[in-house]
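Here the protein sequences come in this chain order: A and B.
Under the UniProt record's numbering, read the first sequence as residues 1 to 212, first letter to last.
Under the UniProt record's numbering, read the second sequence as residues 1 to 212, first letter to last.
The hints are simulated quantities; they were obtained by calculation from the structure and are not laboratory data.
Possibly wrong hints are sitting among the right ones.
Treat identical chains as interchangeable: a pair holds within one or across any two.
Said to hold, decoys possible - Calculated lysine-lysine pairs in the BS3-like style (CA-CA distance at most 27 Å, straight line):
1) Lys-129 to Lys-211
2) Lys-58 to Lys-190
3) Lys-58 to Lys-158
4) Lys-158 to Lys-202
5) Lys-158 to Lys-190
6) Lys-211 to Lys-58
7) Lys-202 to Lys-190
8) Lys-206 to Lys-158
Quick caveat: nothing in here was measured; it's all calculated off a predicted structure.
There are 2 protein chains.
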Amino acid sequence: MYSQTNDRQVMNYKLYDSPPSGNCYKVRLLLTQLEIPFDRINVNILQGATRVPEFLQKNPAGKVPVLEIQPDVYLSESGAILAYLAEGTEYFPRDNRLLQTRVLQWLFFEQYSLSPNLSRPRFFISVAKQQDKFAHLIDHWRNLGYQALDVMEQHLEKYAFFVNDSYTIADIALYSYTHVASEGGYDMSKYPAIQAWCDRVKSQPKYIGIKE
Amino acid sequence: MYSQTNDRQVMNYKLYDSPPSGNCYKVRLLLTQLEIPFDRINVNILQGATRVPEFLQKNPAGKVPVLEIQPDVYLSESGAILAYLAEGTEYFPRDNRLLQTRVLQWLFFEQYSLSPNLSRPRFFISVAKQQDKFAHLIDHWRNLGYQALDVMEQHLEKYAFFVNDSYTIADIALYSYTHVASEGGYDMSKYPAIQAWCDRVKSQPKYIGIKE
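Generate the whole structure from the sequences, applying the supplied hints.
Dropping the structure here:
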């Protein structure tokens with residue numbers, strides 16, 4: 001069993017989690033692949049459960065995922081959680097500062113250029129069912145989202161994975177919203193390299209799907 | 001003189017830079033505070049200079065800043081560049097995985113929740129002068145931007161800096177767009193703790209302003 005710190009002996013990690021969230025799924029996927037046991041606590045975003053004082057104490061930004069790694073020690077921001085968990089494992093290149101920076105580059109690219117533009121249309125179309133009300137914003141996001149997918153497609157035409165030709169947390173982060181992009185109305189048929197890479201991610205050891 | 005790698009002996013770092021960009025300013029500020037010499041190459045965003053093939057070879061995402069650290073080795077994404085440069089210095093907590101994760105948390109918060117919502121209104125109002133055309137988007141960004149500023153204000157009511165009560169790259173990243181938020185129409189008078197923190201950042205050794 002993978003063991004990181006002494007606190008692992010006294011409590012399971014607790015993941016404050018929303019099942020449809022891609023940002024939460026990233027953390028579930030990595031925890032599972034690292035064989036770290038954790039408890040899932042469902043936070044109902046639609047009912048405002050991230051905006052109540054009890055939750056804001058865990059993450060003042062009012063967002064999931066939040067990972068409790070020791071009693072009352074909470075990590076937030078999926079990219080930071082992935083880096084924390086993967087440190088020292090095969091999922092984050094070791095002892096190579098440039099490769100670690102490449103991973104961080106893709107994690108920031110994902111959070112700035114990709115995921116907001118994929119997740120928000122997906123939320124308003126497939127979760128909140130408010131597509132018409134937010135049509136002008138959805139158009140704006142989709143233009144930016146296609147630009148980000150173009151950058152990924154171009155990279156994956158040359159490489160099997162995003163960094164160092166091996167599966168890292170960069171792939172986990174980028175995969176999360178990309179593989180469900182069609183739920184936000186994205187036409188993924190024009191991205192064969194992305195689709196082939198999604199299949200490679202799915203074939204990784206101990207993979208779990210977003211609905212598991 | 002701070003020297004990181006052998007390549008420092010053969011060439012200065014080259015920063016592909018846009019003077020009004022807060023993301024570029026972060027890198028200029030840190031390089032200056034670390035006393036790392038660098039050459040600035042002005043990239044004219046408004047004239048589409050980040051979208052030409054020569055630039056896209058450096059950063060396929062078509063964005064500044066880009067830092068060339070060795071001939072033909074380019075780093076992109078300001079958060080990743082800050083982490084790369086600050087590794088092993090006082091600006092990124094050493095040998096403490098939890099504190100490093102806290103810094104990364106704020107860097108991701110900045111890129112996801114703060115900077116797009118501050119920088120885009122600033123760009124359309126103060127740079128491109130297209131405020132009317134993008135009014136509905138500016139409203140959307142500003143709502144989210146105020147939420148992010150609220151989170152920062154709340155933190156700074158209790159702490160002098162964002163992590164470990166000392167000045168780190170988390171402060172550099174968060175300061176960059178925040179201190180010019182009024183150029184995007186933000187009313188900063190309701191954020192006294194943020195204003196006091198801005199003054200503390202300005203008083204750091206070797207500080208430079210965004211227009212320097």
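Going down the list of hints, with the structure as the test:
1. Lys-129 to Lys-211: within (19 Å within a copy, 45 Å between copies)
2. Lys-58 to Lys-190: Between. Shortest inter-copy distance 25 Å satisfies the 27 Å Cα cut-off; intra-copy 41 Å does not.
3. Lys-58 to Lys-158: between (41 Å within a copy, 16 Å between copies)
4. Lys-158 to Lys-202: Answer is within: at 19 Å inside a copy they meet the 27 Å cutoff, but 44 Å across does not.
5. Lys-158 to Lys-190: The answer is within: 16 Å in one copy meets 27 Å, while 50 Å across copies does not.
6. Lys-211 to Lys-58: Answer is within: at 25 Å inside a copy they meet the 27 Å cutoff, but 38 Å across does not.
7. Lys-202 to Lys-190: Classified as within; 20 Å inside a copy, 48 Å across copies.
8. Lys-206 to Lys-158: For Lys-206 and Lys-158, only the intra-copy Cα distance (26 Å) is at most 27 Å; the inter-copy one is 42 Å.
Taken one by one, the earlier hints all hold for this structure without exception.
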